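S.K.: Full structure from sequences and hints, please.
The listed protein sequences derive, respectively, from chains A, B and C. For the first sequence, position 288 (counting from the first letter as 1) is numbered 288 according to our numbering, and the numbering increases by one without interruption. For the second sequence, position 15 (counting from the first letter as 1) is numbered 15 according to our numbering, and the numbering increases by one without interruption. For the third sequence, position 183 (counting from the first letter as 1) is numbered 183 according to our numbering, and the numbering increases by one without interruption.
The hints are simulated quantities; they were obtained by calculation from the structure and are not laboratory data. Owing to the predicted nature of the structure, the values given are computational and were not obtained by experimental measurement. It is possible that some hints are incorrect.
As the list claims (entries may be wrong) - Below, computed lysine-lysine pairings styled on DSS-like, alpha-carbon distance capped at 27 Å:
(1) Lys230/A <-> Lys121/B
(2) Lys434/C <-> Lys62/A
(3) Lys434/C <-> Lys281/A
(4) Lys383/C <-> Lys321/C
Claimed, not checked - Far from chain B, some chain A residues (derived; all Cβ distances over 12 Å):
(5) Thr40
(6) Gly54
(7) Asp59
(8) Pro68
(9) Ala75
(10) Gln200
(11) Ala280
What the hints assert, rightly or not - Covered by chain C, according to a simulated footprint, are these stretches of chain A (three or more residues, beta-carbon under 8 Å):
(12) 147-158
(13) 281-294
Even for Gly, the Cβ is constructed at its ideal location relative to N, Cα and C.
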Amino acid sequence: MATAAQRRIKSVSYAKYGYMFILPFFVVYFIFSFWPLIQTFILAFSENGTRTPGIIGLDNFKTILAKPAESDFKAMGIHESFWNGMKNTLIIWFGNFIPQIALSLLLAVWFTDLRVKMPGKGFFKVVMYMPNIITAASVAGLFLSLFGDSSYSVINTLLRSGQEPWKIITSCWPSRILVMFIQVWMWFGNTMIMLMSGIQGINESLFEAAEIDGANSTQTFWRITFPLLKTIMVYTLLTSMIGGLQMFDIPYMLHTGNVVNDYIKTVAVFIYEMFHGNFAKPSFGYSGAASVILFVITSILGALVFYVQRDKDAIEKKKKQKQAAKEWKRKQKGGGFSI
Amino acid sequence: MSRVTYDSDKGGYQAHVMVKSVAIYLVLILLTLICLVPIWILVVNSTRLHNDIISGVSLIPRTHLIDNIKTLKTNSLYNKFFAPLLGMRNSLIVAGCCCALTVFFSGMTAYGLVVYDFKLKGPAFVFILAVMMVPTQVTAVGFMRMLIQMHLLDSYIPLIIPSIAAPAIVFFMRQYMLSSFPLDIIEAARIDGSNEFRTFLTISIPMMKPAFAVQAIFAFIQKWNDYYNQSIVLVSGKKNQLTMPMMVQKVIAIDRNADYGANYAAIFLSIIPVVVIYIILSKFIIGGVAAGGVKE
Amino acid sequence: MNKLKKSLALIATLAIASTAFYACGDSSSTADTSSSTPDSSSSEEASEESSEESSEESSEESSEATASAENKVAETGDKLSLLCWTGDDVEKMIENFTDANPDYAGKVEYVNVGSSGGEAREQYANYFAGDEDVDLFVLEADWILDYINNDEYTAPLADLGFTEADFDGCYDYTVSIGTDKNGVLKAASWQSTPGGYVYRTDLAEEYLGAKTPDEMQEFVKDWDTFTATAKKLQDDGHKIAMADTLGGMWQVWQYNRSNAWLDADNKLIVDDYCKTYADLAKEYYENGYVTKEDQWSDGWYAIGQDDSTMGYFFCTWCLGKGSMLSNAEGGEGGKTFGKYNITAGPSGWAWGGSWLALSPKCDNGQIAHDFINYFTVDASTAKDYALFKSEFVNNPTAMKEIVDEGSNKNDLLGGQDQFSVLYESAANIDMDGKITAFDSQIKDAFNTAVTKYAKGDIASYDDMITEFKKEAAKIEGITVE
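M.R.: The following block contains the structure:
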C-alpha cells in the first residue's frame, strides 16, 4: 500500500538532521558556559586569599561541611555562614514557591476557563506580569522605602507613627517573609503565564467534551487540566527550584548600609561575597566549593523531580518503538514489507 | 436528554456563576492593587522633587518629571553615565538580539530533540537538563578570564552570542512540544517534499507561536534586566556602551548626595520601553493561541 | 497529581532534614562559645591625646624647589585620564585646575569607574590589566594600603620629580598613609577630613539655652557631658536624640581607637575599647540618646528636619553644597536650611579621605606632576581650590590663611565658617599606623555586631564579640584568636 514517497521517507535516515538542529546549542554552550564551569570546579579545589590560586584538594569542602572546632573562628565563620545561607535559601524558597504556584494555578485556570466570560481579562493578565519587568535593584529600593526600618518608611509612617518603628528589614522572620512576598510578587505573573500557555496547549475539545458531560470546574480541573499540565508543572517546579536555590538579587540588595542582612543571606549571596567581598585576597576556593555543593544539591533534587514525574507516555512510546523495531527486523528477515 | 432538570437548575447555576464571578473579581482587583501600588509609587516619585520624596510618601503625582529628567541631564553626578536614549538603544540591541537568538535556537534545539531519533538524543537531553542547574554566579569567574584571553571585554558579542545556548528555554520548548506538537504534520510535510529546515521554519515555528511568544517576552525582559552579565562584560563602563540597567544601577549606587527625584526618574525611564514592548507582545500571547493546528 | 505531591513531600523532607541537622537557631551555637576576651569593665578614655606637636609650621613656598628633580614619566599620551568613582571632587578639581592653567584645558579627563568605592576597586583591576589609558586614580583611606604596597598598581611619586620635602606643607598623616612599607611615597591627598558635631541652633537655644557654638560646646565637650546632656533632654520630656545614628557615632569612636584593628602579624585586636563603645551604643540606643535610623538611609536625612535629633556627626566633606548636611536641611528653602552650626564635639575625629595615586602606566608625566602639585604642594593654588569648592585642603598654611581672613561663609551653617572650627582638630589628626588594608570589612563587621547588640538581637557582649570574630575571621589575610 505504500506510496513511493512514503517509501522514500522511511528509507532516509533523519538522524543527521537531529544533530544538525542541536549543534549550534552545543557549540555555543561549550565555548561560553562549559569552559567557565570547569574553571569553577577547579576553583573549588583551590586555595583562598589570592587572585591566582593553586590547587589544595578537598580542604574547602571540609571547612564548609564538617563541624569545626569551637576555637577556630575562621572555620566556624565560614561553616556557619554557609549553612545559615542554606537554611535561609530553603526557608525562603518554600515560603515563596508554595503560595506562588497555588496562586498562579488558580489564576491560570480562571483565565483559561471557557465558561466564564471575563471582561478585562487581558488587562488583569498584563498587570499581573508587570512586577516582573522591573529590575531587581529598583524593586529592592522600592520595597526598602515601603517597608524600611526607618520611622519614615511608608509602613512606619502609616501604622507606627509616634511609636517605636517596626524593624522589618533587620528582624529575622519579618525580613524573610518580606523577601518571600517580594519573590511571589515578582514571579507569580510569570508562573501564571507559563501555566496558561500549558493549559492553552491542551486540546480544547477535551474541555468541551467535559462541559457537555456536565463536569463542573473543579472536576474539569482535577481530571483534565491538572494531569495534562504535568509537563509544564514539572518545568515550573524545576525552574523555580533552580532559581530558588540561586536566589540572589533581592536578598542581596534589601538592606541599607554595606552589610547584607544575615537572616535573608542566601547561599548565592555567600558565594558572591566570598568571591567579591575581599578584593585583594578573595576566597575563590570557598566560593567555588559552595557552588559545587549547590550544583550537587540542585542536581539531586532535579533528578528526583524528574524520576518521579518522568514522562510515562515517552516510556510507553519507547517500548512501542522497540517492539516495532523488533517486528520490523523480523519482517525484514521474512522479507515481507507493509505499513 | 433530561432537558427539564437542566432548565430548572439553570437559575441556581447562574446565581452560582454570579457569586463566583464577583469573588473572582474581588480577588483580581486586590491582586491588581498589590501589583500596581508599588509601581505607582515609583511613577509618582519620579514626578516629585528630592525634598518632597524624603519627607514622605504620596500617591498623587506632581509635575516635576521634566525637572528630574533635566537633573539627570545636567547634574554631573548623573550625566557622566546616564543618557536615557543611548541606554535604551544599547539595551534594545542587546536584549533584541539575545531574544531573537534565544528563541530561535532554543526552538531549533528542542525541535531536534523531539522530532528526530538519534543515538545521542538521550545523552544530549540529560546534558541540557544537568547544565540547567549550574549556578550562574560562579561560572562568571571562568567567563571573565576567557573574555580577557579572547579580547572580548567591552564588546556586545559575549553578551549576545551565548544566548544561543539557553538550557532552560530549550527544556521549556521541549516540554511544550511533547505536550502539544503534532508530529504527524511533519510526516505530512515530508510527503509533500518539504526539506527539514523549511518544515521547521514554515510549519513548525508558526505552530509553536504561543511557546515562542511566551519565551520571547521572558527572554527579552530577562536580557533587558540582566545587569549581572552586562556588568562583567562591559567592564570599562564607557557611556556609549552602557545599557539601561547598568545606568540605573549606577544611579542607584550613588552613595552620596543622590537626588532621589532624579533616581526615580531614571528608574521610570528604564522601565518604559519594557512596559511598552511587553504590552505589545502580550496581546500576541493573549489572543494568539488559536494557532493550534492538529492536536493529538 | 499524586506524583507531584509525593515529589514535593520528598523534597520537603529532604530539605527540612538537611536544615535541621545544621543551622538551627541564629545564635544558639554561638551562645556557649567561650570568649577569649577578658570581661574587663575598665574603660579607656575615648579621646586620645595626640603626642605629636605639629610645630612644623615652617612650610615655605617649597613648590619651586622641586624643579631640579627629574620627571621620568613618559610624555606620549595626549590626555591625562583621572579615574574615580564619583565626580564630586574630581570634576571640581579639573575645573579649577584647567581654569588656572588654560594650556591644559580639555587635556584632563575624568573617567568614571563605577559609582561606589567597592565597584571602583573591581574596575581598577580591569583598567590596570587592559590597555586603557590610566594616569592618575583616586584611593580611599579604607583600602588605600592594598594599592600603595603593590608596585603593579602604583608608581612612586618621585618618578614625577617630586621629593619628600615637597610634601612638608601637607598634613603629616596624609603623607605617612601615602607612603608604602618601604618608605616610598606613592600617593598624595588633596584634602584633610576632620569632623565635628553639627547641631540645630534653634533647638539648642530652646532646650539648652546655648546661643553660640562655644556655649554649645560646653554641653558636648566630652562623652560624659554629651551623655549627660542627652539624658537631660530626655528627662525634660523632649523626644529628641543627641546623636544622629549609631553609624555616625561609630565613625567618631572608630577614629579614636588607640590600636589599629590588626597587629603586625595581621592578628585581630579586640581591646577594652570595643566594650566601652558597645556598652555606650547600647545605652544610647535603649534610652533614645541616638535615633534608630540607619546611616545613609532616607530616614537619616529626614531626622534633620523634624526636631527629633539635635545634631549629626559630620566631617568636612559632609558640609558642602548638595552634600549630606544639605540633604538633612531639606536643601535650599528646606525646613531647617541654615539652622545648623558646627562645634568640635566630644572628641576630635576624622572620616576617611582620598588620595591621588600615580599609575605605572601613566604617559602624561608633565600634566600629572602639575596636577598633583596644584592640589597638594602649592599652598596658594590649594587655597584657591579650598575657596572654590569649600574643601578642607591638605595644606595647613592655606587653611590658616582662610581662617584668618574669615573669607569662608557657609550658608548651610548660617554663614558660620566651618574651617575655623575644624582647623584645630585637623592639626591633631593621627591615622598613622592605625589603618589597615582590611578596615572597611572589619569596621562593617564590628558595627553590624554592635547594632545587633544595641537592638537586643544579641544578648551579651561576649556573644557579640564571638559573632564579630567569626565574621572578621572570614576575611582572608587576617587571623583571629
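S.K.: When the hints from earlier in the document are held up against this structure, which numbers fail?
M.R.: Failing hints, ascending: 2, 5 and 10.
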